[in-house]
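Between the sequences and the hints, there should be enough to build the whole structure, so can you do that?
Respectively, the protein sequence lines represent chains A and B.
Quick note, in numbering that gives the first Met the number 0, the first sequence goes up one by one and the last residue is 214.
Quick note, in numbering that gives the first Met the number 0, the second sequence goes up one by one and the last residue is 245.
Quick caveat, the hints were computed from the structure, so don't treat them as lab data.
Take these hints with a grain of salt, some might be off.
[Stated by the list, open to error] Under the rule of at most 20 Å between Cα atoms (straight-line distance), these lysine to aspartate or glutamate pairs were calculated in the EDC-like manner: (1) K53(B) - D146(A); (2) K109(B) - E89(A); (3) K53(B) - D184(B); (4) K144(A) - D142(B); (5) K109(B) - E123(B); (6) K144(A) - E137(B); (7) K29(A) - D185(A); (8) K144(A) - E123(B).
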Amino acid sequence: MTSHTLTESPLDPAAAVHEAIVRAGEPWMKELRQGQTLRIVDLEGNQAVDTLFYNARDPGEHYSAVDTIRAQGNLYLTTGSRLLSSQGHEMLVITADTCGRHDTLGGACAAESNQVRYALDKRSMHNCRDNFLSALVQADIPLSKRDLTSNINFFMNVPVTPQGRLTFEDGISAAGRYVEMRALMDVVVLVSNCPQLNNPCNAYNPTPVRMLIWD
Amino acid sequence: MTAPTLDPARIVHQDTLPGARYWSFIIRRGYCLRLTDTEGGANCSALLYNAHEKLERYNMADTLKAQHTAYLTRGHVCYSDMGRVLMSIIDDSCGWHDTFCGVSDAALVKAKYGEHRYQDYRNEFYRNGRELFLIELEKWGLDRRDLVANINFFSRVTADENGDMEFHAGHSAPGSHVDLRAEMDTLVVLNTCPHPLDPVREWRPHPVALAIWRADPVAADDLCMNSCPENQRGFANTAIYHCQYD
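Listed below in structure tokens is the structure:
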């Protein structure tokens, strides 16, 4: 059996310096200063929150899935996971997690990958990469499609079996579960609150999430 | 296991990449790249790009989720981020190639093997996978932003049900090979640094032999195209991309 250790946070939402609701299927981009803490709350349960991080002072340095999982020797993220950059620097550390584990391999949905995974006529459906690109072109930061690399899917359950099979399973999250992380450098957070309508992982029903930031 | 002999008439180029070295080249659509681990225990890290539009590149996540696999072997394909097939694995005597461990960097190599610099060791100095990828990428106008999750051919890393990872030493036998057929003109960037999770603390990178050969046309019953419905759609997308070239 898999075991998940859940860790609650002592932080009081009333003391947060920033709060935002990200509606289903929409992007969110925000700079997080070193020392600030971000909480993502899965308001209705089993929502996938596709997330990338960039060094705010040097955006060519980004979150790296392969460096993160290699350094911790484990495929999944939870409390204590240190999110490493492509240059081996610690960007953030997960400080609380009431979900249990988060996906590092599944990546973001895109018009083109939806065609491959589901049907060629799915190209016109809204998707995470379009959210990422839409947020990037409107942001005052030199990022583009080149900077879209393997992202984290908070709250998503993508187990890998010992035999090497990878599947998208029903979520292990639930309404009100959250994950919290502290920035170890100034970072830009780029989120797509996933609009996927073809995958049972969110019961075919994308829902909103809440963002909270503490100093 | 000994690699099946290729018909010499099909081979257009052969070369050997020594251990901890690097190279890049374009494999034209319809040609095939054979990598052979001549000594056993090699690691060959690879990145793939559309040779004509390098913003389109191998995508680890799309490759894995389309084929419901965490590793690569015969019958799998390497997807780009644009829903197309860059290369197909049409043969493989090794059985498992790692997709999620990335490459070593300078800090990892120094901590594991110590420091051997050029002034003292000349061309036997220690290299790391990230450095070698970046050097080769720069030759094509690419840089750190283009260094995405790579494939590690000949290396096997599994994860248990809790996600804890294990490197399998001795996985690749001497002579094991993998054949990569280009479905698009593909820029292939390689280096032969040791796998970052290889626990051996002695610096002994292994060579990889390369052979580029003319493949048979993709038949209607092609193994890779038909190994799952996703790959049929991936090949259909790739055919659309090429429709003005035939």
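Going through the hints against the structure:
no. : hint              : result
1   : K53(B) - D146(A)  : holds (13 Å)
2   : K109(B) - E89(A)  : holds (19 Å)
3   : K53(B) - D184(B)  : holds (11 Å)
4   : K144(A) - D142(B) : holds (14 Å)
5   : K109(B) - E123(B) : holds (15 Å)
6   : K144(A) - E137(B) : holds (18 Å)
7   : K29(A) - D185(A)  : holds (11 Å)
8   : K144(A) - E123(B) : violated (38 Å)
Violated hints amount to a single one, hint 8; each of the other numbered hints is respected by the structure.
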